[in-house]
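Just so you know, the protein sequences line up as chains A and B, in that order. If you're matching positions, the first sequence starts at 997 in the working numbering and goes up one per residue. If you're matching positions, the second sequence starts at 997 in the working numbering and goes up one per residue.
Calculated directly from the structure, the hints in this document are not laboratory data. We put the CB at the ideal spot given by N, CA and C, even for glycine. Keep in mind that a hint or two might mislead.
Unchecked claim - The calculated label-pair distances, taken between Cβ atoms and stated as ranges, are:
hint: 1; chain 1: B; residue 1: 1079; chain 2: A; residue 2: 1021; range: 13 to 21 angstroms
hint: 2; chain 1: A; residue 1: 1333; chain 2: B; residue 2: 1049; range: 39 to 47 angstroms
hint: 3; chain 1: A; residue 1: 1169; chain 2: B; residue 2: 1023; range: 32 to 40 angstroms
hint: 4; chain 1: A; residue 1: 1155; chain 2: B; residue 2: 1079; range: 43 to 51 angstroms
Stated by the list, open to error - Partial chain A-side listing against chain B, Cβ under 10 angstroms, derived:
hint: 5; residue: 1035
hint: 6; residue: 1101
hint: 7; residue: 1102
hint: 8; residue: 1106
hint: 9; residue: 1136
hint: 10; residue: 1139
hint: 11; residue: 1155
hint: 12; residue: 1159
hint: 13; residue: 1160
hint: 14; residue: 1218
hint: 15; residue: 1263
hint: 16; residue: 1284
hint: 17; residue: 1404
Protein chains: 2
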Amino acid sequence: MPETQSPKLSQRWKWASHQAISFLMQQGLENPDVLSLAAGFVDQHTLPVEATRQAFASLMADEDRARSVLQYGTTTGSEELRNRLIGHLANLESCEVADLNIDASQLVVTTGSQQLLALLGDALFDPGDICLVAAPTYFVFLGVLDGVGATAVTIETDREGMRTNALESQLQQLDETGQLHRVKMIYLVSYYENPSGVSLAEQRRSEVVEIAKRWSKNHQIYVLEDAAYRELRYDGPLLPSVWGCDGDHETVILTQTFSKSFAPGLRVGYGVLPRALVDPICDCKGNRDFGSANLNQNILINVFDQDLYQPHVDGLRQSYQVKRDAMLSAADKYCADIAGVEWLHPHGGLYVWMKTPDSVQTGFESPLFQRAVRHEKVMYVPGELCYAGPLEDRPRNRMRLSYGVLTPEKIDEGIKRLADAIRHVAST
Amino acid sequence: MPETQSPKLSQRWKWASHQAISFLMQQGLENPDVLSLAAGFVDQHTLPVEATRQAFASLMADEDRARSVLQYGTTTGSEELRNRLIGHLANLESCEVADLNIDASQLVVTTGSQQLLALLGDALFDPGDICLVAAPTYFVFLGVLDGVGATAVTIETDREGMRTNALESQLQQLDETGQLHRVKMIYLVSYYENPSGVSLAEQRRSEVVEIAKRWSKNHQIYVLEDAAYRELRYDGPLLPSVWGCDGDHETVILTQTFSKSFAPGLRVGYGVLPRALVDPICDCKGNRDFGSANLNQNILINVFDQDLYQPHVDGLRQSYQVKRDAMLSAADKYCADIAGVEWLHPHGGLYVWMKTPDSVQTGFESPLFQRAVRHEKVMYVPGELCYAGPLEDRPRNRMRLSYGVLTPEKIDEGIKRLADAIRHVAST
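Just chain A, with the same shape it has in the complex:
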């Protein structure tokens, strides 16, 4: 037998490889004694065991229904679930179903909202196509764009989210340099953004839609509204969705997931799509799995029908609010006296975005990360991962701190350790 040869992998794999998430998970596995402020997981103790049991039990009590949920479903997902999702969306939008101006055929159920992000990458982006993103933005979506060879172009962001005048001038500039035909999408995490915790200000929501429509001169430039954290609101204003600002729903793609508000172990998310994208997304999904797990979709149907969903979300919000407050208090207690350390106060979601002194970089190779993981036994997500473009152009002194997983006591301890690490590195 000849010797084994190396594989000859695709360009797409090269684009997809070396994502930071793998390195982070590896660090977590190799350092089990480290307090992780990095993991974007949800709090294990709040997971809906009893609600899932009840929904499953009633679902499986009827033999016919039980059999049908163990069968293949359709690529688009269960129509019954999609109808429940429309009702749920109407609740979130504080309107009647009829006023939503959509029907179930515009919804596609996916394996978490991550799958929808990936499918949009497939269906819309050729190598070299452009997606406009906030700075910072959700780093896993930057990986999706990498994976299809697309270019993420950064739009300046402040405490009210993506700056719409910066968006306008970036589009102007792309037009002037002959690149407007490559712009496919504007990506926004509209509520309590991962990583910054910032929400897009109300006025900017309609402005983004107006800008996208106006610059759709020769083809539709879509707005992808990732509303993963929408329901994890603790205080602050109740904001309308960007999607709701798009009267004909032909510009904004809305994606939501039950991974944060219910249980990630079900891997159920969904997208509300402009009509023109429904078939293309289903074509791509059909090639990949012919539909997400039917059982899980039906568990969610029963969770809704048995009124198990909203009480769970309400409890979750209380629980996470306590943990957010614990992290902010700990930051006040341990970090307020470190010159150059600042952080944002999120009104929802799972993250606090922290700035270290200019001299203290936070990347995987930095003295701070090494000190934090090896000596202080605490881990965070380096903020530089959350920006597109060349590393040297990115802010290097930011951190994403998650209060999702740890208890309030451990959060306090984690921030204490982190403050010690910052103090140590800042003083050397």
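Given chain A's structure and the hints, the job is docking chain B onto it.
This is chain B only, laid out in the frame that chain A set:
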């Protein structure tokens, strides 16, 4: 507001679009009174309701475990499940786990085996790369290859599966024409192939592996063994896997699914990968969903641990054997006297492959398909979908008939209707 513009979709979408599966599903939906010999679904009545209930109940009885299965898992899939899968594979291979010469790190759990097919498409194929396939082959995999812009090159096939001397000479020819560097994979449905029901003969199994290794001159040419139907064996020889013929397991990728042998509604499949492919596949999967549903993987763990799996498979085999026999008897009864109609006798799986007279084409546009669906109210999968290459070079008079879904009585009725349609078209 300006008018809505059309989307500008990607090349990858263009490649992925217009797959036959969508048209087939559409036909099914639009013609609910039609007896479907087309659907590749499994028999609703044999789905494991009680086994799933029991596995779920014990899984959720322990609060800690219940919470952990509702949390995110890992991209690779549950290690506990992967260990069970190795045990299961050892059973199938009739050997001890230690003799398999692999460990759990080479297994990846996917959303059905379809997702693994798609991930291999991503990781291995650039546009224009080549996959060698049997003629006929699984038409959905042809869609996956289309979706990445790859070229499927057909290898002649007989009643013992892909002809290894034809495989050898095709590789020789590709080498001579300077295309060997584009050949990435040989795809085989090794047991009771979809659509033909044929299994690759025992001697050819080791030959395929030897050929792949020998032609891996500058890079590894992989063999993808799709063993979806392996456990649905009714009679005939107990064949070793192609994977088992690959001593170092660096050439053959093995994929299996629980969609046929247990429940498609769980969407759990898996791949056993050469070591060099584990990270690339996980990189691609990480970008798409960070892992398949944890709950479903854990249901399967308990199905194995509570000895619920094998009794279910045994029952399934009995039930499908009756239906296979019903289809073969019906074919004898209604088709034997139609000149030019022939069919194969499968030893397992879900399909009977039938040839119509040369004058009777079977495609979507053909008089036979129209007559069958509109007048006789019976549907099948046109065989021409199951071949790669230009339509005019494909056999046009083949049909895939599935006995998976219908009862024996309905199968009999379906074949009777189909025979009437063939007779009608042949005589006009």
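The hints, checked one at a time:
| no. | hint | verdict |
| --- | --- | --- |
| 1 | 1079/B - 1021/A: 13 to 21 angstroms | 20 angstroms, holds |
| 2 | 1333/A - 1049/B: 39 to 47 angstroms | 58 angstroms, violated |
| 3 | 1169/A - 1023/B: 32 to 40 angstroms | 49 angstroms, violated |
| 4 | 1155/A - 1079/B: 43 to 51 angstroms | 49 angstroms, holds |
| 5 | 1035 | 9 angstroms, holds |
| 6 | 1101 | 13 angstroms, violated |
| 7 | 1102 | 14 angstroms, violated |
| 8 | 1106 | 8 angstroms, holds |
| 9 | 1136 | 8 angstroms, holds |
| 10 | 1139 | 5 angstroms, holds |
| 11 | 1155 | 29 angstroms, violated |
| 12 | 1159 | 22 angstroms, violated |
| 13 | 1160 | 16 angstroms, violated |
| 14 | 1218 | 7 angstroms, holds |
| 15 | 1263 | 4 angstroms, holds |
| 16 | 1284 | 4 angstroms, holds |
| 17 | 1404 | 18 angstroms, violated |
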